[in-house]
Amino acid sequence: MRRPSIACCALLCALSACRGDSPEVSPAAEVLRFSVIPDWNKGRLAENAARLAELLTARLGVEVRYEPANDYTACVNGLAANKLDFVWLGGKTTCDAIDVGAGHVHVLATRDIDLHFKSYFIGNRAALDAGRVAVVDDLAAWRGHTEGLRFTFGDVNSTSGHLMPRHFLLQAGIEPEQAFASVGYAEGGHSGTLEAVAAGAVDLGALNFAYYDRADEQLRERAPLLFTTPEYVDYAWVAHDRVGADRVAKLREVLLGLDRAHGDDEAAVLDAWSAGAFVGARDEQWQAIRAVRDGLPKGFLK
Amino acid sequence: MNAARGERLPSPPRRTWLLIAALLVVAVAAAWSLQLDLRPLWSANWWGEAWQRLRQFGGGLLAPALDAATLGRVAGLALDTLAIAALGAFAGMVLALPLALGSSRAVMHADGARGWPTTVVVEAFRLLLDVLRGVPDFVWAVLLANVFGVGPVTGLLAIAVSVAGVLGKVLGEQWDNLPQERLLALRTTGASRLAVFAYGIAPLGARTSLAFVLMRFECTVRNASVIGVVGGGGLGAGLWDAFTDGDWSRVATLLAALLVVTAAVDLGTNLLRRRLRTDPNHPQLERALDRRAAGRRRAQVAVVLGLAIGAACWRLGSPLLQAFTELSRIEWDFVWPYTLGMFTPSLEMTTWAAVARAALVPLGIGVLATLLGAGLAAVLAPFASSSMQLEAHRFTGERASTVARLARWCVLLLARAVALLWRGIPEVAWLIVLAVLLQNGVTPCVLAIALHSAGVLHRVFTDAVDDVPFAQLERVGAGRAATFAYGALPSVASTWRSYALFQFEVNVRAGVALGLVGAGGLGQLFRHNLAFRQHADAAAFLWGMVLLTVVIDRASRALQLRRLRC
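Chains U and Y are the protein sequences, given in the same order.
Numbering follows our numbering, with no gaps: position 220 of the first sequence is 223.
Numbering follows our numbering, with no gaps: position 508 of the second sequence is 511.
It should be emphasised that the hints constitute simulated quantities derived from the structure, not laboratory data.
Just so it is clear, CB atoms sit at the ideal spot from N, CA and C, and this is done for glycine as well.
Be aware that one or more of the hints could be misleading.
So these bits of chain U aren't anywhere near chain Y, every CB distance computed over 12 Å [unchecked claim]:
id: 1; residue: Glu190
id: 2; residue: Ala201
id: 3; residue: Thr232
id: 4; residue: Ala270
id: 5; residue: Ala291
id: 6; residue: Lys305
Derived list of chain U stretches under chain Y, where covered just means 3 residues or more per stretch with a C-beta under 8 Å from a C-beta of chain Y [said to hold, decoys possible]:
id: 7; region: 191–198
id: 8; region: 255–269
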């Protein structure tokens with residue numbers, strides 16, 4: 004019986020040592036960890052994030068580290084679980100993060116374009132030429148003409164690739180799962196949607212307008228624009244208040260202060276985020292997105 | 004012995020035809036439930052489009068990226084994969100041992116205790132093993148990423164958990180299947196459970212256990228090579244990123260690296276497997292019981308294993324250290340309710356109706372893929388069998404010319420190479436290759452799983468054929484083809500069926516896993532419910548996966564269809 008009790012003592016000591024290591028004084032807290040939702044070519048996202056990490060490390064005087072993410076949900080959960088300190092999220096996930104954060108998570112900044120964001124519905128060139136899909140001013144014009152068409156959303160968590168397109172389709176009286184021959188969720192973010200439509204793997208798709216506008220000319224030629232949705236609020240930087248009020252203020256200051264006129268490093272970050280500038284924002288501005296998220300019929304989850 | 008053939012003909016064929024008819028019905032039902040639409044295959048338009056896609060992406064696949072930077076990164080990822088596999092398998096084995104002990108009746112009842120408390124404990128352990136095994140490693144990775152982030156640590160833990168599930172169950176069953184009377188002497192000495200295990204059960208089961216552990220290690224390397232698809236690090240992460248980015252030349256490089264890693268481990272374990280197999284046609288001399296030699300061999304194995312584990316720890320040192328130092332900072336107030344939520348599934352009828360509907364997808368995929376895979380493996384088996392190709396003269400009495408013998412060698416090597424390719428590329432990786440040709444949907448998933456399982460089954464099918472004693476084949480007294488059909492097939496049929504059923508369970512889980520990346524069904528709905536924070540519903544889909552595995556397992560056990568285990 005002696006040996007087990009020694010082992011127990013050792014275990015207890017080890018445990019108490021762990022407990023004593025409170026998060027506030029832990030040296031690891033001196034690293035700020037951030038991530039971005041994987042909504043596009045991940046290689047390029049990593050390059051962009053590395054650029055920002057470098058800039059922030061220099062400006063904040065603290066190591067800022069980029070943690071790659073594999074899916075949107077993990078970004079939200081990472082923030083709540085203290086794996087991440089601030090994150091670049093989409094509209095829906097911004098609402099998720101604020102809700103899960105229970106008062107500790109707030110919007111840090113957004114882009115100028117996010118306050119007037121929109122989705123594009125695109126179609127395969129061959130399908131358009133064959134008259135199976137059409138350019139429209141109102142999605143309702145598609146009603147009754149969707150039989151046999153294969154449709155793809157982006158990631159299920161995407162605001163511009165899934166939430167809002169589904170919302171506008173429903174508003175137009177088109178229930179995707181009923182109307183289309185197949186409804187998919189493209190892998191690889193909005194670039195996946197664009198590739199799938201361009202390659203003819205599907206006839207129709209919905210995606211983020213900003214990525215489409217920047218995409219390769221040839222790809223866009225093979226997947227022309229059919230409909231532009233009304234505007235809504237989308238992406239945002241959100242931070243957990245464990246970062247500390249001072250540091251949050253400093254972080255916001257750096258982000259809002261980015262200007263192409265200040266030099267190449269700042270221009271590179273703004274280019275990478277396709278932003279004219281980052282602007283301040285309040286949590287309440289995402290209330291409309293939250294209403295759409297909560298009001299959406301959840302049949303597609305069953 | 005034509006008379007023997009004449010006698011045999013009437014009964015087996017009718018049963019065979021019945022079996023084939025039943026399988027056809029099952030296949031059609033599966034295809035119907037998946038709403039498999041094969042009509043496009045008949046249209047010239049579809050083939051035209053497929054050709055277009057092949058020209059568009061196939062070029063990239065045939066021209067792998069070979070610049071130094073890419074090669075360096077790929078080599079690093081390959082090392083990560085090996086390290087994940089080594090540590091995952093090791094941790095899984097360490098976890099599996101107590102679980103196997105607890106779930107084995109032979110061990111738990113070894114000291115004569117037969118009361119209900121022991122039975123309850125055994126059943127509890129079995130349920131735990133079912134949970135660990137029923138949830139695919141891809142799903143474990145998705146859950147574990149919440150605490151351990153994206154990277155190799157999540158991958159190795161996900162793999163360790165599922166290895167523990169499979170290994171714990173199979174080892175426990177292997178021990179239960181040992182002839183219990185051989186333990187009697189030990190029991191009468193009043194030995195404790197652990198003593199009976201250590202001196203009786205473990206040595207008796209060592210050979211089969213070791214063979215299975217080796218096979219699992221090989222599977223672990225394959226799983227580790229793709230766990231990155233869902234955030235587990237290693238080659239899979241690079242492969243999936245390259246695929247979703249549409250960078251086909253990088254996809255080609257990564258696929259090649261993946262194949263090199265899996266094939267190397269495959270061939271390596273083959274050497275060891277051969278020593279563990281009991282081949283009636285080539286009896287090995289029983290090595291004399293030399294305690295010192297045995298001890299030396301054990302020491303060698305321990306050193307090699309220790310070095311491998313050490314190298315893996317060194318390779319993954321910094322991510323491991325980071326993950327575990329960060330553990331103290333994790334906000335358990337968030338993680339615990341989240342985790343507990345997975346144990347409190349919704350009990351609403353509509354949800355469970357959806358679970359049942361969603362379960363049909365992996366089930367259908369599993370049925371079709373297993374039938375197709377087993378069919379392919381069976382067709383290829385005679386060509387890869389060394390009995391049929393290289394040693395036919397020992398039972399047909401023929402004298403093949405040098406040219407014919409050379410040709411047969413070529414056929415054998417080709418067949419084995421094809422099978423190595425089939426199983427060397429894991430399901431998800433096949434899915435990526437097939438996506439070029441078939442677009443997304445269920446069809447490429449079925450084919451991907453079918454091809455991979457054809458490769459896996461092919462090897463055990465061929466081993467079974469080679470294990471048929473020549474004396475038995477000689478009795479047919481016919482040429483090679485007839486000997487295979489009337490001599491080998493009837494005696495390997497039940498072995499083949501057992502392996503195919505085992506693979507069926509594996510394939511259904513693969514169907515669930517592919518659901519996470521586009522196949523739909525349980526996997527997809529689980530992920531989507533997590534995304535919309537419908538945790539009770541997500542939990543229902545998670546338990547649906549466990550139930551599916553348990554039902555298949557218990558059904559095949561009740562039907563006594565699976566008499567043997569790898």
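**OP:** Classify the label on U/Glu190 as holds or violated, using whether its beta-carbon is more than 12 Å from each beta-carbon of chain Y.
**Re:** 5 Å, violated
**OP:** Please count how many residues of the region 191–198 of chain U have a CB within 8 Å of a CB from chain Y and say whether that reaches 3.
**Re:** Answer holds; 5 residues pass the 8 Å Cβ test.
**OP:** Given that the region 255–269 of chain U was listed as covered by chain Y, double-check it with a C-beta distance under 8 Å for 3 or more residues.
**Re:** violated (count 0)
Subject >> Interface exclusion of U/Ala270 relative to chain Y, criterion Cβ beyond 12 Å >> reply: Correct as stated: the minimum Cβ-Cβ distance to chain Y is 24 Å, above 12 Å.
Original post:
Does the claim that U/Lys305 lies outside the interface with chain Y hold up, using a Cβ gap greater than 12 Å?
Top reply: 4 Å, violated
Original post:
Is the nearest Cβ of chain Y still more than 12 Å from the Cβ of U/Ala291?
Top reply: Non-interface label stands for U/Ala291: nearest chain Y Cβ at 18 Å, farther than 12 Å.
**OP:** Please settle this one: U/Thr232 was flagged as non-interface, so is its CB more than 12 Å from every CB on chain Y?
**Re:** 21 Å, holds
Subject >> Least C-beta distance from U/Ala201 to chain Y larger than 12 Å >> reply: 10 Å, violated
Hints 1, 2, 6, 8 from the earlier list are contradicted by this structure; the remaining hints agree with it.
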